[in-house]
Structures are given as C-alpha cells and as structure tokens.
Amino acid sequence: MTSTASSTDSTDHRLAQAPQDQRPSWQQRLRRFGYAAEPAGDVRERLVPPYAQPSPRLWDALGARAVLAERITRWSGWLGPLLVTLLAGVIRFWNLGSPKAVIFDETYYAKDAWALVHRGFEVNWDKNANDLVLSSGGHVTIPSDAAYVVHPPVGKYVIGLGELLFGFDPFGWRFMTAVLGTLSVLLLCRIGRRLFRSTFLGCLAGGLMAVDGLHFVMSRTSLLDGVLMFFVLAAFGCLVVDRDRARERLAAALPADADGRTRPDPSVGDRLRLGWRPWRWAAGLMFGLAIGTKWNGLYIMVAFCLMTLLWDAGSRKVAGARHPYLAVLKYDTGLAFLATVPVAVAVYVASWTGWILSPANGSGGYYRNWAATDGKGGDWTWLFPDWWRSLWHYEHEVYEFHTHLTSPHTYQSNPWSWLVLGRPVSYFYESPSPGSDGCPVDAGEKCAREVLALGTPLLWWAGCFALLYVLWRWAFRRDWRAGAIACGIAAGYLPWFLYQERTIFLFYAVVFLPFLCLAVAMMIGAIVGPPGSSDTRRVAGATGAGVLVLLIAWNFIYFWPLYTGQAIPIDSWRSRMWLDTWV
10 MTSTASSTDS TDHRLAQAPQ DQRPSWQQRL RRFGYAAEPA GDVRERLVPP
60 YAQPSPRLWD ALGARAVLAE RITRWSGWLG PLLVTLLAGV IRFWNLGSPK
110 AVIFDETYYA KDAWALVHRG FEVNWDKNAN DLVLSSGGHV TIPSDAAYVV
160 HPPVGKYVIG LGELLFGFDP FGWRFMTAVL GTLSVLLLCR IGRRLFRSTF
210 LGCLAGGLMA VDGLHFVMSR TSLLDGVLMF FVLAAFGCLV VDRDRARERL
260 AAALPADADG RTRPDPSVGD RLRLGWRPWR WAAGLMFGLA IGTKWNGLYI
310 MVAFCLMTLL WDAGSRKVAG ARHPYLAVLK YDTGLAFLAT VPVAVAVYVA
360 SWTGWILSPA NGSGGYYRNW AATDGKGGDW TWLFPDWWRS LWHYEHEVYE
410 FHTHLTSPHT YQSNPWSWLV LGRPVSYFYE SPSPGSDGCP VDAGEKCARE
460 VLALGTPLLW WAGCFALLYV LWRWAFRRDW RAGAIACGIA AGYLPWFLYQ
510 ERTIFLFYAV VFLPFLCLAV AMMIGAIVGP PGSSDTRRVA GATGAGVLVL
560 LIAWNFIYFW PLYTGQAIPI DSWRSRMWLD TWV
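Numbering (my numbering), first residue to last: 10 to 592.
In case anyone wonders, no lab produced these hints; they're calculated from the structure.
Mixed in with the good hints, there may be bad ones.
To be verified - In the SDA-like style, the derived pairs of lysine to any residue whose C-alpha atoms are separated by at most 25 angstroms in a straight line are:
#	residue 1	residue 2
1	Lys-109	Asn-133
2	Lys-326	Gly-269
3	Lys-326	Glu-439
4	Lys-109	Leu-141
5	Lys-109	Ser-581
6	Lys-326	Arg-282
7	Lys-109	Leu-96
8	Lys-326	Asp-51
9	Lys-326	Asp-266
10	Lys-136	Glu-439
Could you build all of it, start to finish, from the sequences and the hints given here?
Put into structure tokens, the structure is as follows:
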C-alpha cells in the first residue's frame, strides 16, 4: 500500500543501498550498530539532493487542485518559516518592557551600550544610576570616566541601537535582542529546511526554538549571549548555503553517460576550482561579529572552518576525486582561510573604532593611553602604532581576567549540568503582596514574581536523547547533517569544560541551543518514519511525534509566568520548581 504521509516528515533520504556482499568487512561488522553503506545512483542527486515533496494523495485528500498544490508547495519554503517567525515575534515583543527594572546583567550591558553609542567607550556609572535611569526615563548625564570592561563592543552596539531608536529604558535596551531572537527563529527554519531538504522539519526546528524558555528569556533581556547566538547561527547558515553552491558547481561540471546519468569524474573532483565563494566571505563577517560580541565565538569559528573543509573533501570524493583531501588542501584551504580568518580579524578590530578614535591623553577609553605611558619604550614599538599596542595590552589584560575569574556566584553552574538544566539563573525576583503588582487579592500570602532563565525542560531533556541519536547517525550512517549538528553543539558546549573552575552560567548554553533544536527535529523525523513506510508505521510515528511536540509546547506555556515575570501565588511558583536546584 502506498503511504499517505509526506516524505517531508523524514530525515532519511538515502537512495538504494549497495549490495551487502560488496561492502568491506569492517562495514559488515558495523551493520549490527546500524551502519549503512553510501547510496548508489546518479551522482547529481547525491551532490544536490532534491527537496522532499508532499504526497499527491495528501492534496487529493484536501481537495486541492494540481495548480494550487504546486503553488502552496513552492510558497511554503518561505511562508512556513515566516508564520513560525511571526509567532515567535509576537510572544517576544509582548509586554517587552516588563519587568520595568534593570534585571541581572542588564546593569552592565544596558548602560555600557548607552555610553558606547554616545562616547565610543564604556564609562563608570554611579551606584544609584539604575534608579536614576528608571525614574528619569533615561534622561541622565553620561559620566566621562572610562571603565574597565571585559567583553568586546559589538553586542553592546547592537543593544545601543535599540536604545537610540526607543530610548534609554527597558523596552529600548531589550528591543534589539528581541529582534535578533525573532530573526534567529527565521534563520533556523530556513537552515533546517536546507539541511533536511524538508520544509516541515525546518519549521519544526524553528518552532521548537520559538517555544524554548531559555531562548525566550534571552530574547527579552539585554545580555550578550543571545546576540552571540544569532551571529553564530548566521555564520553556520552561510556555510550551509556555501556547501550547496559548491556541490552545485561540481555537479554541473560532471559528465553524463549515454543514459543521461551523471557519473563521477576524477578530473573534476581532483582539479575543479570552486572560486571565491561569496557565502564563505559572509560567514567570515558573521564570525567577526560573533567574536566581537564574546570571545568564545573564536572556538566556534575554528570548529566551523574545519567542518567546512571536511565538507569540501566529502563533496570532491562524491564527485570522483581520488585524493579529495589533497585537492582540498590545494584548491580550497587557502581561499577558505582568506575568506574567514582575516575577515573576522578585520571586523573585530573595526568594532573597536570608537575606542581607537577616543583621545589618548587619559580622557578616552580604558587603557587607550597605555602605549604612551606604561607601555612607552622598547626596541620594536616603532613597528606598531600606539593604538594597536594599547589595544593589544587591553586584550591581554582581559584574557588574564577571564582565565582567572573564580569569584563564587549564587547561580553559577558546572557545564556537566547544563543539558539537564541543573541550575538555571534567576534574573529577577520580587514577592508582591496581595492586591499589588498583579498579585491576586485573594492570594492569602505573598506572590512570587520571577524571570528565570530556564530552558523548556521537556525540550532539553528530549534533546539529550536527540544528541545521542545524531551522534549514532553520524558515526554509523555517515550522515553529514548529523555531523554538522553535533559540531555546532560541541563547538558551543565543550570549550566550557576547559574552564570548570571559572564562574560560568547555564545561560551560556543558548549559543548551541539552535543545534539542539535541529537534533530534536531530526530525531522526530526519524520517529515519524522514513519514506516508503507502511501506513501503520507512519500513523504510529506521527502520533508519537505529535504527542512529543505538544508536550513541549504545553511545557513552555506552563512555565510562561516564570519567563515573563508575572505574579503568581507562591504555591503555583513552588509547583514549578521541579528540581531543588532551581530555587
């Protein structure tokens, strides 16, 4: 029986397998773990897989004409992601200025951003500056005394743009993080669609991130990690598009046989030059902005650059290269380096323009006059301008600060606990009395009003299983998509294990959250079942997947008061403290 389900619901687009007796012995041994040999067939389809199309029986069941069905299918590639993004934007911008307070590290970044966009460098604020800003509507005098800060300026410039547009108040300093949080959902939908060749799975990945509590809270708070996440995701998207464009060029250069089937050709795989590849240059720009927001973007850039070179080797191998790694070293590595590392460095240095142009007489940015004072003299100082040497000294001091930061904090956590949400961070907490600040008159006792940076628990706990699934699929199915997802999680997560003695927090995990959502979407696609499955298998799979997605959405709604700072009775607050470590 032909299945009525659409092939868009599955992540398994493998073609017919090679005969079992043709596999090497090591592949035979790995079959027990689920290893699948590389698919045979037209090389063009392997290099440029088609997007999954809904089954004709689906349109027949809906009573849609062929012309209408074709239009819906064509438009869905943008219409679906835009609808998911609209939902994400509505809930993120709803009552964005609440709580009307300076919550958690907004006390640093909101004021630093305001100083940056007006003076070009951060300044020291009075201890009562937060109260003055809130009571005066942001009409405060900006101090002139430079402050020592430990994060680059890009993220603060982004926050400052919202302040310039809407004022120096909670809505203004949260506006741009809400914009980037919303746009990141659109990016993930489109990236997931391209990755899985499925509009359904792409929108599912974006939808999961739209209802994740950590992403939601970070989108409504003027912290740097949400900005970093956006640039990292954008860089990944650029590299995925670049991969597709490179494979299209390889496919177009391959010869066809007498039957019209594209075949591998060593001369193409080993020698074809793929050119300047503008999407890689765009990725370099995004990497520079990411590192200019927080330094851990550097680890991600290194991991992604290695990943894209491995993609090139795999593409050339499929195209017929006898020595794919040598071909990549000869034709791709140099331009890949040029398009990413120098571009990222240039963008990073350019982000310090305000500090560089500030006076070097002691009235400019912190350490701006170091080269003319403490750093004066030396045999080789004539090689570099004073601003460069001062900036280098500043960066060295910041590195020393980061590597020796061990001051204890109530909400610090070890990265081992992040995936299970062991210790979320409370950004804001009040205990309003009955009849005030939204606390019901009949509450009986004080209410709780909290903004808790807690991921949607069922999503993250499902993500733990999804991570195991993508690792298995990458290792034994040789699925490049699983490898890309695993690389994104590893690049944003594993470096923190090098700094377990540091004061670090769970909300840093928002950087690899998009890849965790992709992993869950991939696992759900496998639950639904591969193309060609029986109706019984597909119905059972779709039911299980639907229940999981609905439970995740319900879980987000259940914790909504803790994400938005709504006043709830203390018993309702306690019922949401599922783990003792959340209090």
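Do the hints match the structure? See the list:
As the CA atoms of Lys-109 and Asn-133 are separated by approximately 23 angstroms, the hinted pair is consistent with the 25 angstroms bound. A threshold of 25 angstroms between alpha carbons decides the hint, and for Lys-326 with Gly-269 the separation of about 21 angstroms falls inside it, so the pair holds. A C-alpha spacing of about 60 angstroms is found between Lys-326 and Glu-439, which places the hinted pair above 25 angstroms, so the restraint is violated. Restraint check for Lys-109 and Leu-141: satisfied, since their Cα atoms lie roughly 13 angstroms apart, inside the 25 angstroms limit.
Using a Cα cut-off of 25 angstroms, the hinted pair Lys-109 and Ser-581 holds, with the two alpha carbons roughly 23 angstroms apart. Of the pairs offered as hints, the one joining Lys-326 and Arg-282 holds, with about 14 angstroms between alpha carbons and a cut-off of 25 angstroms not exceeded. For the hint pairing Lys-109 with Leu-96, the CA-to-CA distance comes to about 24 angstroms; that is within 25 angstroms, so the pair holds. Restraint check for Lys-326 and Asp-51: the C-alpha separation of about 14 angstroms stays at or below 25 angstroms, so the hint holds.
Proximity of Lys-326 to Asp-266 is assessed by CA-CA distance (about 19 angstroms); at most 25 angstroms being required, the pair is judged to hold. Straight-line distance between C-alpha atoms of Lys-136 and Glu-439 comes to about 21 angstroms, which keeps the hinted pair within the 25 angstroms bound.
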